[in-house]
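Enquirer: Please build the complex by placing chain B on the supplied structure of chain A, with the hints as guidance.
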Amino acid sequence: MAFIQSIARILTPIIFGLMAVCAANAQTASTDIDNLIAALPGGSYADRAGVIEALAATGDTALVPLFEALSEGNLYVTATDGRVVRAVRAGDDYAISDPLTGATLGEVGRRDAEKIKVNNGLRRTIASAIGQLTLMSPNAEIRRSAAESILKTADPASLELLDTALAAEKDPGVLAVLEQARAVIVLGNDFPLAEKQAAVALLVAKGDRDAMAVLTTELASAPDELKPAIEAGIAGIERDLAAWAAAQNVWYGISLGSVLLLAAIGLAITFGVMGVINMAHGEIVMLGAYTTFAVQEVIRNNFPGLFDYSLAIALPLAFLVTALVGMAIERGVIRWLYGRPLETLLATWGISLILQQTVRTIFGPNNREVGNPGWMSGALDIGGMSLTYSRLWIVVFALVVFGILLAVLNRTPLGLQMRAVTQNRRMASSMGIRTPWVDALTFGLGSGIAGIAGVALSQIDNVSPNLGQSYIIDSFMVVVFGGVGNLWGTLVGALTLGIANKFLEPYAGAVLAKILILVFIILFIQRRPRGLFALKGRSVDA
Amino acid sequence: MSMKFAQRATIAAAIAGTMGMSFSPAIAQEDTIKVGILHSLSGTMAISETTLKDTMLYLIDEQNKKGGVLGKQLEAVVVDPASDWPLFAEKARELISVNHVAAVFGCWTSVSRKSVLPVFKELNNILFYPVQYEGEESERNVFYTGAAPNQQAIPAVDYLMENEGVERWVLAGTDYVYPRTTNKILEAYLLDHGVAADDIMINYTPFGHSDWQTIVSDIKAFGSAGKKTAVVSTINGDANVPFYKELGNQGISAQDIPVVAFSVGEEELAGLDTTPLVGHLAAWNYFQSVDTPENEAFIAGWKAFTGNPDRVTNDPMEAHVIGFNLWVQAVEKAGTTDTDAVLDAIIGLETPNLTGGIAKMLPNHHITKPVLIGEIQDDGQFEVVWETDAEVPGDAWTDFLPESKVLEADWTAPISCGNYNTETKTCGGAAN
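Residue numbers (the working numbering), protein chains in the order written: chain A, 337 to 878; chain B, 16 to 447.
Chain A with its partners taken away, still in its complex shape (with noise of 0.2 Å):
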């Protein structure tokens, strides 16, 4: 092995040398790469990289697939006969294939190929390479990775190719990644002065994290006549970061509203509208969830393809669970219990143990994976914000769910029902309105609500048993802060709390906001003892 890596160290120069002198001599070339290619398995990462480096440097783009495969770990050397192949698990072997033109060759058995590692570092080495070998790709899309790959490096090496790209290149986005991964190149090596100039007008146009980064490195050893411009420039970025920032934090807040939203705007039906301290809350939310695991379970098995309706498929499934449970709970236990909120508390936190350990028991008490659909992975990118999708959903999500609630209370025959029997019951009771069904109906309403946030919240945390009860807490606030029985309190709430949580956080550490939080709800209630939105009429008080 030290014999191969030694003729590969010596060779490294010698291809460079070649590459320039009689490129067109493709039998040497060929020879060459193969040697090059026998050399990857031996030596540290160090002298793995080197050897790649100097495969890139060939320029051959029938390289590529071999790249691909050593970055994602399927590159493979033979115990036999020392060759390097592309290997993929198949049953107890591995099914290997020649990295370079994917002819398959055969079989061997698991402990007859050892796989060639790589780190981190080396898969920034690999994508800089796949990047030189694919800059000149006629397809738009590859190249402009190639450009990226090349900008995150920034290797003077590929200065040369980079010019080259440059004069050819037609498509505007790839143009201006290329413009800046040479202006970084200019930047960091040794360049006349106006080159460097422009350079750094072109970086500080970008504005982002990335050219701010290099600027700042480059400020250390940059020339006296270039640092006013550059700490003019990073001074710019800094300003518009800064405002990017608090627009970021903003988003963040109300993010964390939408959340807080959805867990309690459940409660603010059961708990708000009808006056029960329902404990098991948390414990729906969390069969919500696990409605999404069952249902993305079965969607894995049988229909692989439906994998990205899952969750639409879950809702309403997740709204008749949890509703049903909820309609249970409300005719086995509560209705016994009106009027006594203590019993009510201890009935509920016991059902809410009953919940927790029955799914326990079903589901085990490991968490489940509940997959991201691929509409939810990934992020939006504002200007210097970053709207992650499944946030951006469950935001969308939490106002719409909202918005119905709201329909459905005002605006339809239960609804009125609903707000008829909690206002005053004895008098709905006698306009002929069945009060014990309608009791059932809002408790199985708020479960289901509850049940579909549960659907929302397997998406952003773990699905386990004890899913419930790290909102049962926040739900609670939200709805006392916002204001008993006012749907637009728990709204006004919710992202009040989010925002406020978000903007303490960066200064005084997660742990101290939630606690100041708490502090300031405490205060709060001390003062108005209604919330945010108090319910003004007799029946406040009944």
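Just so you know, these hints were derived from the structure itself, not from any lab. Any given hint could be a false lead.
Claimed, not checked - Below, a sample of chain A positions facing chain B; criterion: calculated Cβ distance under 8 Å:
#1 Y381
#2 D383
#3 T437
#4 T440
#5 D499
#6 T500
#7 A503
#8 K542
#9 R545
#10 L592
#11 N702
#12 N798
#13 A844
#14 A846
#15 K850
In this text, a Cβ means the ideal position worked out from N, Cα and C, and glycines have one as well.
Expert: Chain B only, in chain A's frame:
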């Protein structure tokens, strides 16, 4: 089944406690050697600790098939301290004074260990503690078979410095004693190695934290200062998943800012969507994926014992394997299960670990362990990307904090002290 067993054991213990204390242990001593298992089977820690209880049952079962110890069969006594720290002390007392166990294998969190310490000292029994911990402790009655900071945290940082060229550090942890102490040691270590104070960011979050948006964007901002950045994570348990998800969503890959975790193992990854975690790192002394004959045999036996081909193995399980084997050897060497004799006999004993090396019990009651850095794979297993050349001896008192530097633990004569001050030559901690 195991649950029932635990309950029955507890009930039996309670009955024994009330009915006749002189009667039941007398018989037990004739027939079997009792081994206490003190792991939470309910409450928040049940996720991690239930597996360790099963591991002990498996090991005891295997040993009994080989004929037991000193010609007697071993009998497991399982109690459930229910993730409740004061209850750990009560249950430990019950194991020792009611059930008369010869040794106890148990505890997970540092606070549970601290809670049982006085009991083990008072009643002079032995505890084997299998989890990586913050160090700064060495007790006569406790054997630490998990990693001390110099067997996990420090080598992981070394790896990132040398192999990934990291210059800027985020130390992120859950807010309790293990992350705080570990981060204190790491911070001192990094400052010693020329890292500027500006290049270290320390962040603590509550247990079960799920909204990581602000912290991840802070990490992103911190990482774009033109220097290679890494996160050293002592984030515990559940909170890890939303953390990695948020990293993935905000477009931070393992190649940009790698995260090396000290509390994420096979058991935690089982049943998770590992996509956002792939490529991130973990530092342990054992991985299920390590390909040695010992490990293969252990995994096969474990899967057969649990009857579940999907059960994974992890680092604290290996620690129990080593601890149990060392205890069996020590008892056979001493010819008795008497605490003082075993304490003397066990020091210096060696047993093969599962990764192809040797674990040796040191005079400071820690053991030698190899350090492995693994990359998380999409199947929830780890691929070893780096390992130490030889086993690293566990160091009870870190060399990187000034107040601990002068301390040394040595439980052999003539020192026989857990916090011997090498400057003042006295037992009893730092002189100030």
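Enquirer: Each of the hints needs a verdict: does it hold here or not?
Expert: Each hint tested on the structure:
{"no.": "1", "hint": "Y381", "verdict": "6 Å, holds"}
{"no.": "2", "hint": "D383", "verdict": "13 Å, violated"}
{"no.": "3", "hint": "T437", "verdict": "26 Å, violated"}
{"no.": "4", "hint": "T440", "verdict": "23 Å, violated"}
{"no.": "5", "hint": "D499", "verdict": "25 Å, violated"}
{"no.": "6", "hint": "T500", "verdict": "27 Å, violated"}
{"no.": "7", "hint": "A503", "verdict": "29 Å, violated"}
{"no.": "8", "hint": "K542", "verdict": "13 Å, violated"}
{"no.": "9", "hint": "R545", "verdict": "4 Å, holds"}
{"no.": "10", "hint": "L592", "verdict": "5 Å, holds"}
{"no.": "11", "hint": "N702", "verdict": "5 Å, holds"}
{"no.": "12", "hint": "N798", "verdict": "5 Å, holds"}
{"no.": "13", "hint": "A844", "verdict": "11 Å, violated"}
{"no.": "14", "hint": "A846", "verdict": "4 Å, holds"}
{"no.": "15", "hint": "K850", "verdict": "7 Å, holds"}
Against the hints set out earlier in the document, violations occur for numbers 2, 3, 4, 5, 6, 7, 8, 13.
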